[in-house]
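Go ahead and model the full structure; you've got the sequences and the hints to work with.
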Amino acid sequence: MALQFTDATFQQEVLDKKGVTVIDFWAEWCGPCRAITPIIEKLYVEYKGKALIGKVDVDNNPEISFKYGIRSIPTIVILKDGQEVKRQVGLTTLANLAALIDKELPADVMKAA
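Quick note on the numbering used here: the sequence shown kicks off at -15 and runs consecutively.
These aren't lab readings, by the way, just hints derived from the structure by calculation.
Accuracy of the hints is not assured; some may be wrong.
No more than 30 Å apart at the CA atoms, straight line, and that leaves these computed lysine-lysine pairs for DSSO-like [stated by the list, open to error]:
{"no.": "1", "residue 1": "87", "residue 2": "32"}
{"no.": "2", "residue 1": "1", "residue 2": "70"}
{"no.": "3", "residue 1": "26", "residue 2": "70"}
{"no.": "4", "residue 1": "51", "residue 2": "1"}
{"no.": "5", "residue 1": "34", "residue 2": "64"}
{"no.": "6", "residue 1": "70", "residue 2": "32"}
{"no.": "7", "residue 1": "87", "residue 2": "26"}
{"no.": "8", "residue 1": "70", "residue 2": "2"}
{"no.": "9", "residue 1": "64", "residue 2": "87"}
{"no.": "10", "residue 1": "26", "residue 2": "51"}
{"no.": "11", "residue 1": "2", "residue 2": "32"}
{"no.": "12", "residue 1": "34", "residue 2": "70"}
{"no.": "13", "residue 1": "26", "residue 2": "2"}
{"no.": "14", "residue 1": "1", "residue 2": "64"}
{"no.": "15", "residue 1": "87", "residue 2": "70"}
{"no.": "16", "residue 1": "51", "residue 2": "87"}
{"no.": "17", "residue 1": "2", "residue 2": "64"}
{"no.": "18", "residue 1": "32", "residue 2": "64"}
{"no.": "19", "residue 1": "51", "residue 2": "32"}
{"no.": "20", "residue 1": "34", "residue 2": "87"}
{"no.": "21", "residue 1": "34", "residue 2": "1"}
{"no.": "22", "residue 1": "87", "residue 2": "2"}
{"no.": "23", "residue 1": "1", "residue 2": "87"}
{"no.": "24", "residue 1": "64", "residue 2": "51"}
{"no.": "25", "residue 1": "32", "residue 2": "1"}
{"no.": "26", "residue 1": "64", "residue 2": "26"}
{"no.": "27", "residue 1": "51", "residue 2": "34"}
{"no.": "28", "residue 1": "2", "residue 2": "51"}
{"no.": "29", "residue 1": "70", "residue 2": "51"}
Have a look at this one:
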């Protein structure tokens, strides 16, 4: 199951870490968010050890959501060493998200795949 990032843990679990992090900003009541959940879970399994994959419930974590200017969900934000490098708003495919993540991973991490 993908990690659950919160306002309280975000600094330690995400911003203080090196590497690639994928954050799914979502809400329980959001239909497209529920539709993308299996994709996020699959990415979590496929990228374990290569990238951090997690979710932020926008209803319960307003600080992070405000910081990243989340106005529409689902929004996927990709960070590299704590800095935003890519953003995908709306429903998308596994292949599209995997391609976005792969572009940010170092070559030695990709070879280990």
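Against the structure, the hints come out as follows:
Proposed proximity of residue 87 and residue 32 is supported: the alpha carbons are some 16 Å apart, at most 30 Å. Between residue 1 and residue 70 the alpha-carbon distance is near 17 Å, which keeps this suggested pair within the 30 Å criterion. For the proposed pair residue 26 and residue 70, the alpha carbon gap of about 19 Å is at most 30 Å, so the pair holds. Only pairs whose Cα atoms come within 30 Å are accepted, and residue 51 paired with residue 1 is accepted, the gap being roughly 18 Å.
A C-alpha spacing of about 12 Å is found between residue 34 and residue 64, which places the hinted pair at or below 30 Å, so the restraint holds. The straight-line distance between the Cα atoms of residue 70 and residue 32 is roughly 19 Å, inside the 30 Å bound, and the hint therefore holds. Taking the CA atoms of residue 87 and residue 26, the gap is near 18 Å; set against the 30 Å cutoff, the hint holds. Straight-line distance between C-alpha atoms of residue 70 and residue 2 comes to about 16 Å, which keeps the hinted pair within the 30 Å bound.
Only pairs whose Cα atoms come within 30 Å are accepted, and residue 64 paired with residue 87 is accepted, the gap being roughly 11 Å. Restraint check for residue 26 and residue 51: satisfied, since their Cα atoms lie roughly 27 Å apart, inside the 30 Å limit. This hinted pair checks out: residue 2 and residue 32 have alpha carbons roughly 15 Å apart, not beyond 30 Å. Annotation: proposed proximity of residue 34 to residue 70 holds, straight-line Cα distance about 17 Å (limit 30 Å).
Taken as a hint, the residue 26 and residue 2 pair is honoured in the structure, with Cα atoms around 22 Å apart against an allowance of 30 Å. Proximity of residue 1 to residue 64 is assessed by CA-CA distance (about 9 Å); at most 30 Å being required, the pair is judged to hold. Distance restraint check for residue 87 and residue 70: the Cα-Cα separation of roughly 10 Å lies within the 30 Å cut-off, and the hinted pair is therefore satisfied. As the CA atoms of residue 51 and residue 87 are separated by approximately 24 Å, the hinted pair is consistent with the 30 Å bound.
Taking the CA atoms of residue 2 and residue 64, the gap is about 7 Å. The hint holds against a cut of 30 Å. Taken as a hint, the residue 32 and residue 64 pair is honoured in the structure, with Cα atoms around 16 Å apart against an allowance of 30 Å. In summary, the hint linking residue 51 to residue 32 is supported, as the alpha carbons are separated by about 26 Å, within the 30 Å threshold. Of the supplied pair hints, the one linking residue 34 and residue 87 holds, its CA atoms being roughly 12 Å apart against a limit of 30 Å.
For a cut-off of 30 Å, the pair hint linking residue 34 to residue 1 stands: about 13 Å separates their Cα positions. A hinted pair counts as satisfied when its Cα atoms are at most 30 Å apart, and residue 87 with residue 2 qualifies at roughly 16 Å. Restraint check: the Cα-Cα separation between residue 1 and residue 87 comes to about 19 Å, which is no more than 30 Å; the hinted pair holds. At roughly 16 Å between alpha-carbon atoms, residue 64 and residue 51 fall within 30 Å of each other, so this suggested pair holds.
A threshold of 30 Å between alpha carbons decides the hint, and for residue 32 with residue 1 the separation of about 15 Å falls inside it, so the pair holds. For the hint pairing residue 64 with residue 26, the CA-to-CA distance comes to about 20 Å; that is within 30 Å, so the pair holds. Restraint check for residue 51 and residue 34: satisfied, since their Cα atoms lie roughly 25 Å apart, inside the 30 Å limit. Taking the CA atoms of residue 2 and residue 51, the gap is about 20 Å. The hint holds against a cut of 30 Å.
Only pairs whose Cα atoms come within 30 Å are accepted, and residue 70 paired with residue 51 is accepted, the gap being roughly 15 Å.
Checked against the numbered hints above, the structure violates none of them.
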